[in-house]
Amino acid sequence: MSEIERESMEFDVVIVGGGPAGLSAACRLMQLAEAAGTEISVCLVEKGSEIGAHILSGAVVEPRALNELFPNWQEMGAPLTNPVTVDEVFYLPNGTNHIRTPNMLVPKATHNHGNYATSLGNLCRWLGEQAENMGVNVFPGFAASEVLYDENGAVCGIATGDMGIGADGEQKATFAPGYELRAKYTLFGEGCRGHLGKQLIQKFELDANSGTQHYAIGFKELWDIDPDKHVPGKVMHTMGWPGNHFGGLFTGSYLYHLENNQVSLGLIVDLSYANPHISPFDEFQRYKHHPLIANVLEGGTRVSYGARAIVKGGLAALPELAVPGGLLIGDDAGFLNMTKIKGSHTAMKSGMLAAEAVAEALMGGSEGGEKLDTFQSKFEGSWLYEELRQARNSQQAIHKFGTLFGAGFIWADQFIKGNMPFTLQDPTPDHATLKPASSSKQIDYPKPDGVLSFDKLSSVFLSNTNHEEDQPCHLQLADASIPIGQNLPQYDEPAQRYCPAGVYEVIEENNEKRFQINAQNCVHCKTCDIKDPAQNITWVVPEGTGGPNYPNM
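So the number in the numbering used here is just where the residue sits in the sequence shown, counting from 1, plus 1182.
In case anyone wonders, no lab produced these hints; they're calculated from the structure. There could be a bad hint or two in this list.
[What the hints assert, rightly or not] Below are the DSS-like pairs computed for lysine-lysine, each with C-alpha atoms no more than 30 Å apart in a straight line:
id, residue 1, residue 2
1, LYS1629, LYS1617
2, LYS1638, LYS1411
3, LYS1638, LYS1380
4, LYS1416, LYS1599
5, LYS1582, LYS1290
6, LYS1560, LYS1380
7, LYS1385, LYS1560
8, LYS1582, LYS1380
9, LYS1290, LYS1416
10, LYS1290, LYS1411
11, LYS1638, LYS1617
12, LYS1695, LYS1623
13, LYS1638, LYS1623
14, LYS1380, LYS1617
15, LYS1290, LYS1560
16, LYS1629, LYS1411
17, LYS1380, LYS1553
18, LYS1623, LYS1582
19, LYS1617, LYS1582
20, LYS1638, LYS1695
21, LYS1599, LYS1290
22, LYS1582, LYS1599
23, LYS1629, LYS1695
24, LYS1617, LYS1695
25, LYS1599, LYS1560
26, LYS1638, LYS1416
27, LYS1385, LYS1553
Between the sequences and the hints, there should be enough to build the whole structure, so can you do that?
Pasting the structure below:
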């Protein structure tokens, strides 16, 4: 195929990703420009069909960063209208019983009074409206597929993906080339395991002095429930079952009462598990049959489903944040406070700090291309750094000591505000934790009943996921022989189970087995990119607008 000529557009700043980090950065840039009586041209690209389409979170939002960004957000109509009224934590010793954790034993940082149970997708939609009203060029449906570099090797923008390329790599009648969006500075806020952020970390060795990054997969369902069971603003978290330390599986769950007789609920499954027979999706379906959860859902209707990876490594696993001409923000870098079990406010603050560093450089006459180390210093001088420092041992403690003893460690650590004289490390990456299938316990998951538990395909249907079928597969195998030749005999090909959307299958035809990728089902969770034991799968962006279309998630 001949070289494709692309049109280009010039901006001061290009932002990749319409999540809380990218949108907050965009709004803050416009505020700073207005305050200085100058102009900063900002473009934000989002691969989803609209802002919020790919946003998935519990979510309980701490308004700390929003208070700084828009002090009058309530008068402005921000969709934080459901304050937390009841805050409970339970330990589940098994699939039947539960034990309420006394408030005095719950780390203060985990308390949620003063926060809001809401839809993070709707908050991002609102932030997107503010950004557009302030003059930001917001381009939904455009997937950033390539980092652009100048002659000195500095980041100088991104290219959006071409549309209308067939699965055979040839241009179709609908072909339309992507755009080059060139900028003095580019902010990467793609979310957890971002495609371009991953490339930047590898190219510039940004994690050379960092601890090992860890991840989880988070599930979410939205339910309409019986009004008699609905308690607006009630927030509940659990730990323990269905995960347990000795099986190498760690889980935690949430159930939040939203407005309009709806609840959001989900299970967080650490991707450090060892048994390749584990299916995180089926653990989530099983979890809903626990009486503590089932009593809320019975008589209700499931209305939406989704899944996404979550970054969990904490402060010790943060990479360097700056490259020449570019910055990593939000979950692309790993800004998430796992002690608080929330990251929206931390992602927003990271975007705001990046905006301040960029605005200072631009107003100082910079033409871009240099490495903005001021972002790192701003981060280290902020409450964001202090939060992450205090929480730095939380997830490592669970990994090292198990659910109960780990929770006890966290309580003691948070009692002294994270001032333990050491930082725990877990150097084994999640993809390297699997044990051989032959020496691992088989798991007989119950069949879904269609009332509380469901199969993958009916769940994906509720995520409104869609991709143009005739396009190159965005789930790329470095070696097509590995799934059947290596992963299947060693690990019973775990992609069949860790994927929450039924993308990967082992099909037997004519006494031969082959690996099938149903890319149309992909909900863009990135779990395969993380957990594949051979690190053979690379997730890249499909055509813009492809993927889930989450409403109210």
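Each hint tested on the structure:
no. : hint              : verdict
1   : LYS1629 x LYS1617 : holds, 25 Å
2   : LYS1638 x LYS1411 : holds, 27 Å
3   : LYS1638 x LYS1380 : holds, 28 Å
4   : LYS1416 x LYS1599 : holds, 27 Å
5   : LYS1582 x LYS1290 : holds, 22 Å
6   : LYS1560 x LYS1380 : holds, 23 Å
7   : LYS1385 x LYS1560 : holds, 24 Å
8   : LYS1582 x LYS1380 : holds, 27 Å
9   : LYS1290 x LYS1416 : holds, 18 Å
10  : LYS1290 x LYS1411 : holds, 28 Å
11  : LYS1638 x LYS1617 : holds, 25 Å
12  : LYS1695 x LYS1623 : holds, 23 Å
13  : LYS1638 x LYS1623 : holds, 23 Å
14  : LYS1380 x LYS1617 : holds, 26 Å
15  : LYS1290 x LYS1560 : holds, 26 Å
16  : LYS1629 x LYS1411 : holds, 27 Å
17  : LYS1380 x LYS1553 : holds, 18 Å
18  : LYS1623 x LYS1582 : holds, 22 Å
19  : LYS1617 x LYS1582 : holds, 18 Å
20  : LYS1638 x LYS1695 : holds, 22 Å
21  : LYS1599 x LYS1290 : holds, 9 Å
22  : LYS1582 x LYS1599 : holds, 20 Å
23  : LYS1629 x LYS1695 : holds, 25 Å
24  : LYS1617 x LYS1695 : holds, 22 Å
25  : LYS1599 x LYS1560 : holds, 22 Å
26  : LYS1638 x LYS1416 : holds, 28 Å
27  : LYS1385 x LYS1553 : holds, 15 Å
Checked against the numbered hints listed earlier, the structure breaks none of them; every hint is satisfied.
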